[in-house]
Amino acid sequence: METRLADWIKGTTQGDSANDILRACVHCGFCNATCPTYQLLGDELDGPRGRIYQIKQVLEGTPATRNTQLHLDRCLTCRACETTCPSGVDYGHLVDIGRAVVESQVRRPLNERLLHWLLREVLTRRGLFGGALRIGRALRFALPRALHAGLGEHRAPGAWPRRTHARKVLLLNGCTQPALAPSIDAATARVLDAIGVQALVDARSGCCGAIRHHLHDQRGALQNARRNIDAWWPQLDSGAVEAIVINASGCTTMVREYAWLLREDPAYAARARRVSDATRDLAQFLGPQLPLLLRCVRPASITRIALQNPCTLQHGLKLKHDVEQLLSALGAQLLPVDEPHLCCGSAGTYSLLQPKLALELRARKLAHLLHAQPQMILSANIGCLLHLAAGTAVALRHWIEWIDELIVTS
Amino acid sequence: MLLPEFDIDESRWSGVAEAPAPGRQLAVAQALRALLPADCVLSRDEELHPYECDGLAVFRQQPMLVVLPRTETEVRAVLLACRRLEVPVVARGAGTGLSGGAMPHAAGVVLSLARFDRILQIDPAARIARVQPGVRNLAVSEAAAAYGLFYAPDPSSQIACTIGGNVAENSGGVHCLKYGLTLHNVLGLRGCTIDGEPIELGGCALDAPGLDLLALSIGSEGLLLVVTEVILKLLPKPELAQVVMASFDDVGKAGEAVAAIIAAGIIPSGLEMMDRKATAAVEPFVRAGYDLAAEAILLAESDGTPDEVADEVRAMERVLQANGATAIAVSASEAERLRFWSGRKNAFPAAGRISPDYYCMDGTIPRNRLGHMLKAIERMEHKYGLKCMNVFHAGDGNLHPLILFDANRSGEWERADRFGADILELCVQLGGTITGEHGVGVEKLNSMCVQFSPAERAAFFSVKRAFDPPGLLNPGKCIPTLARCAEYGRMHVRHGQLPHPDLPRF
Amino acid sequence: MDSALQELRHQVLQAHSASTPLRLRGAGTKDFYGERCEGTLLDMRGYFGVVDYEPSELVITARCGTSLSELEGLLAQHRQFLAFEPPAFGGDPTIGGVIAAGLSGPRRFQAGAARDFVLGAVLLCAQGELLHFGGKVIKNVAGFDLSRLLCGSLGILGAITEVSLKVLPLPRLEQTLQFEMAASEALALFNRWAGQPLPISATAWYDGHAWLRLSGAPPALRTACERLGGELLDAEAASRFWRSLRDQTHPFFGHASTLWRLSLPSTAPQIAGSGSQLIEWGGALRWCASDQPAADMRQRAGAAGGTALHWRGGTAGGRFHSLSPVVLEIHRRLKSRFDPHGIFNPGRLIADL
Ligand SMILES: Cc1cc2nc3c(=O)[nH]c(=O)nc-3n(C[C@H](O)[C@H](O)[C@H](O)COP(=O)(O)OP(=O)(O)OC[C@H]3O[C@@H](n4cnc5c(N)ncnc54)[C@H](O)[C@@H]3O)c2cc1C
Ligand code: SF4
Ligand code: SF4
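Protein chains in written order, with this note's numbering: chain A, 1 to 410; chain B, 1001 to 1506; chain C, 2001 to 2353.
Wrong hints could be hidden among the right ones.
Below 25 Å or equal to it, Euclidean Cα-Cα: the simulated DMTMM-like pairs (lysine to aspartate or glutamate) are [as the list claims (entries may be wrong)]:
| no. | chain 1 | residue 1 | chain 2 | residue 2 |
| --- | --- | --- | --- | --- |
| 1 | A | Lys318 | B | Glu1142 |
| 2 | B | Lys1375 | B | Glu1256 |
| 3 | A | Lys318 | B | Glu1334 |
| 4 | B | Lys1178 | C | Asp2116 |
| 5 | B | Lys1383 | B | Glu1412 |
| 6 | A | Lys168 | A | Asp193 |
| 7 | B | Lys1178 | C | Asp2052 |
| 8 | A | Lys320 | B | Glu1336 |
| 9 | A | Lys320 | B | Glu1142 |
| 10 | B | Lys1375 | B | Asp1417 |
| 11 | A | Lys356 | B | Asp1117 |
| 12 | B | Lys1383 | A | Glu2 |
| 13 | A | Lys10 | B | Asp1045 |
| 14 | A | Lys320 | B | Glu1283 |
| 15 | A | Lys356 | B | Asp1039 |
| 16 | A | Lys10 | B | Glu1412 |
| 17 | B | Lys1277 | A | Asp90 |
| 18 | A | Lys356 | B | Glu1046 |
| 19 | B | Lys1387 | B | Asp1250 |
| 20 | A | Lys320 | B | Glu1334 |
| 21 | B | Lys1237 | A | Glu339 |
| 22 | A | Lys10 | B | Glu1052 |
| 23 | B | Lys1387 | A | Asp20 |
| 24 | B | Lys1237 | C | Glu2226 |
| 25 | B | Lys1387 | A | Glu2 |
| 26 | A | Lys10 | B | Asp1406 |
| 27 | B | Lys1375 | C | Glu2054 |
| 28 | B | Lys1237 | B | Asp1307 |
| 29 | B | Lys1178 | C | Glu2054 |
| 30 | B | Lys1178 | B | Glu1256 |
| 31 | B | Lys1237 | A | Asp338 |
| 32 | B | Lys1237 | C | Asp2116 |
These are computed hints drawn from the structure, not numbers from a lab.
With the rest of the complex left out, here is chain A:
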């Protein structure tokens, strides 16, 4: 597409990146077809092609408005559009740039700013969030329906393995997951242990930064990133760990982004690239270990499974079939799920900020997931899990928990 960027952004790193991305878009509209918000709202302004156009308009000098902001806010950043785009348009990075510019031009009303602040500060701090969560659970009946999404039931995590192995990986010392579903990390550690890999968690690391990133706190997100790089670097650099393995695909996506986010930071750019390169989603890490895994599992008793493939996994990381292959190989009968490309509406803090759309998407996703009457729904991302769990009585787990159940300890 033709572009005429405004002088204030032309020639800047952001401007050049945006220009390259914009130019690759040929305005074919294929992406609208798989965009969740376009499916729901049927308005060009709420589809990727229209969002690209709105961003282009702002970068070409038309001041952004609350309206522009609204349509960018409604974007789930699910990046289904990227998967669909035959022209290779890097929408994810463009929308980041666009949002930052719009954020700098348009001041949000006080209540929104307050909500964003609250979410940022509460969700990203383990201690705080744990406390808030307990209060939230107790007060569940008093909260709006949409918020139930964030309050799953507590499951006992089970024991953390105590063996040491020569092969080691780092797990993320996440923010919400340990508080909400400690069983996931524990299951991850156990499965890794079973195949002879020791899972380490560095206490100095913390939230990957995705939440701040979504809530337009670029600086905070970068601080999170730098803190994690600092924490991981010694073990990574010394070769003590072979990879950083993350079991929440939203976080994997974010850590893989460190390289791009810090590309302009002379002190961190090189290390960020190393960290991003060394980061694997759990599914990606386990895939090649399948032969090892097959040796230490028993036949599954729960086999009728509907898999929810999180957007971060299939669109962000482009790992469309990895979990599927893993589970099938371990004896799962994966049931057909319609519109597998569509976002469930969780999308980080989206379910809290755009509850109406999020709930519509959840209902749609659940209808597809439940269609073939599964015994269990599996996902690869904590956010999706909690969001979906609030809408159905069918058991929902992280897929690693399902595998964990199969492990026979020798």
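Could you slot chains B and C with the ligands onto chain A? The hints should help.
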């Protein structure tokens, strides 16, 4: 030689870009807001701007207003109001059109049917689907698959384009050689006239009395009525389909092979061709396994019972070999067949990977002139200093040369535009037409002057006025004014009967 | 300009300036068809001949007066044919008449109707101009699709002087299966079979028997025959049978004094009072020798989602099913713009047009 009886009222025809009178936007917006829910009328600049073009982004015009109705009652109300206030109305589906058909009118309303996205009924016994116009083409086949049925026309844009848009453009696809165009697969439609009157054409029965207004409405580019419901014919899915992929070291030879297949009495369900530049552009995205060393590849599909397919595939292989194919591969699985096609289906946008902009042409010529045309295009590449990659619905003689250019460089679009016009003129000279499936829109108005005489144009206007007396539906598209043709100043060539059609005219 | 064409043009211009009606006529095989048929004869037979035929292009272009037998003979030499099987009604119609009437034979069920094969047409309009619409290529969306509008127009918009038609290769093999069954059973089966990937090119039911014609590649037919059962008819007899349906020389068409042609959704249940019946097109075309009141037949056909055409017999209330007011108004406007003096076949398609 103008005919007085064909009373051509060309008013409103040239004013696509004429801004509305001051205060007009507000007045019309108010009138429409009284009829529709608040989220259905867009009027701010930043909301209107993204609607300024369709899939052909070089033609842009910001509309005065955009409306997004949800029901037929709302559509009728909008049309009635627009008729009363004399506001032009441009219907819009998914905006994937490639001729600027859905490009707005500066003083007009864009009537988006994107929210008409429900499949109302699939009747497997009668093999029909009743759908709203905003339903995506692919969604119909996906829904019909449960019954072993499919909707045959499959434009490359089928993932996104709407049935309403398909009807308006009479869209084709890679399988229309055997299964026909939209025209052949639509049994009936329901719509609204500019007077807000519901109108039904055709239906679930095969014949209807009177003139075939259904056929006339299909391909009418939103100039005659606004479609609100469509009855589609569904076909049983063939048991098996296989694609033969053949490589050629010369584009001309590939063209001859196409004619030879047809001459052998074979009607493949799809017969497509891509030149080397095209395969190079798509391969990195789809990894279809195209032969990148070949000057051209042909994709020929056979479908039917397994025996029948085996038989036909063998026959095609023989013909292809006899016509100089340097390599032949046959899809071994359904996944591979889809992969072979996916490269073809993504060919246009994939051009965006090798060039910032592309301009897609859509002429049709007799199949046996393919080679001639390709040579001519090569000469034109030199003349205009622009590259052109070629993708063809070869079986139908429908060409999609993609002229690559950079809109940010001054003068390049103008060169691309003239390059395209040259190709289309040659199509007419070779006995073909300026558009096989993308429609005239705003883009090919000038070329219409080359293909049609003043009296023929007048006849088109007559049809227009018979459906839409005030001329408010998508004015300025599809039919050029006399003044425009005079200005364009190219000669009108009688269908392929120019004295020396073989002489290149450049 | 060809002298025969010149002559036609001359007559049209004269009629136009004098506002005298013309009755366009080819071989007259369809004189019975339409509401009214009057005016000075405009004989279209003088302008004939195949203009262009390139078998590998699958397109034939012929002047209006070319006889169907000549055209089909030429196509047969190249193993091609007109897949919509236009009826000849026992005579030898002109191709102009075939297209102006727009009628199709048994294969319409699978291959499509006459209009589906029209690629282009030349219209001699009231002002004596020759207007070219469509073309000689399979795909063409430049301007409105007027060539297909002319198909079935019964000449009310002008004289069709030339048509370009899509042709298809002849099927490599055709076989006909015969079954014994009741009409309702046949309707159910026709619809069920049509939903399966079977090479069925025509169906018929009459008097307790159903017929199925299969066309295509030998292997496909073999599989289909095995699957469908029934009794295989001798090729000669089968071809005679389908020809008799196509041309309405079948005895069924002989005896009835009034004959209705019901165009219905193929799944429509049996129409009450339809009398002796012959069913074609997988159930979508039902010929009824019925003396029920016309209003009842129309009402029943309409209620079933179709229309009723009074093919033969009493014409009180017109032959064709009536049009909705909106559609009729568009017809009026089209007619008045194309033929302002009302010279072309007035009243033939619609009584007062
Ligand atoms: C990458 C790409 C590949 C393509 N490949 C093909 C192909 O293989 N074959 C092909 O034929 N086309 C192809 N196209 C062109 C385009 O997709 C088709 O023309 C399609 O039918 C347009 O549908 P749409 O819903 O996007 O309509 P729009 O672009 O929104 O509108 C097209 C026209 O239809 C009118 N219209 C839309 N809806 C209605 C309605 N409800 N009532 C009345 N008028 C209406 C509009 O006014 C406009 O004139 C391609 C386009 C792209 C971008
Ligand atoms: S699919 Fe890609 S090229 Fe097409 S409009 Fe969307 S972003 Fe642009
Ligand atoms: S990221 Fe998701 S919601 Fe946002 S534009 Fe792309 S497809 Fe739509």
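Are the Cα positions of B/Lys1383 and B/Glu1412 separated by 25 Å at most?
Holds. B/Lys1383 to B/Glu1412 sits at ~13 Å (cutoff 25 Å).
Can you confirm whether the C-alpha distance between B/Lys1237 and B/Asp1307 stays at or below 25 Å?
16 Å, holds
For the pair supplied as a hint, B/Lys1375 and B/Asp1417, confirm whether the alpha-carbon distance does not exceed 25 Å.
19 Å, holds
When you check the alpha-carbon spacing of B/Lys1237 and C/Glu2226, does it fall within 25 Å?
20 Å, holds
Tell me if the straight-line CA distance from B/Lys1277 to A/Asp90 falls inside 25 Å.
23 Å, holds
Agreement of B/Lys1375 and B/Glu1256 with the hint, judged by alpha carbon distance not exceeding 25 Å:
13 Å, holds
Between A/Lys318 and B/Glu1142, does the CA-CA distance stay at or below 25 Å?
24 Å, holds
A/Lys320 and B/Glu1334 were given as a pair; does the straight-line alpha-carbon distance stay at or below 25 Å?
Since the Cα atoms of A/Lys320 and B/Glu1334 sit roughly 19 Å apart, the hinted pair holds (cutoff 25 Å).
Is B/Lys1387 within 25 Å of A/Glu2, Cα to Cα?
18 Å, holds
If you draw a straight line from the CA of B/Lys1237 to the CA of A/Glu339, is it 25 Å or shorter?
21 Å, holds
Does B/Lys1178 pair with C/Asp2052 here, judged by a C-alpha cut-off of 25 Å?
23 Å, holds
If you draw a straight line from the CA of A/Lys356 to the CA of B/Asp1039, is it 25 Å or shorter?
15 Å, holds
Checked against the numbered hints above, the structure violates none of them.
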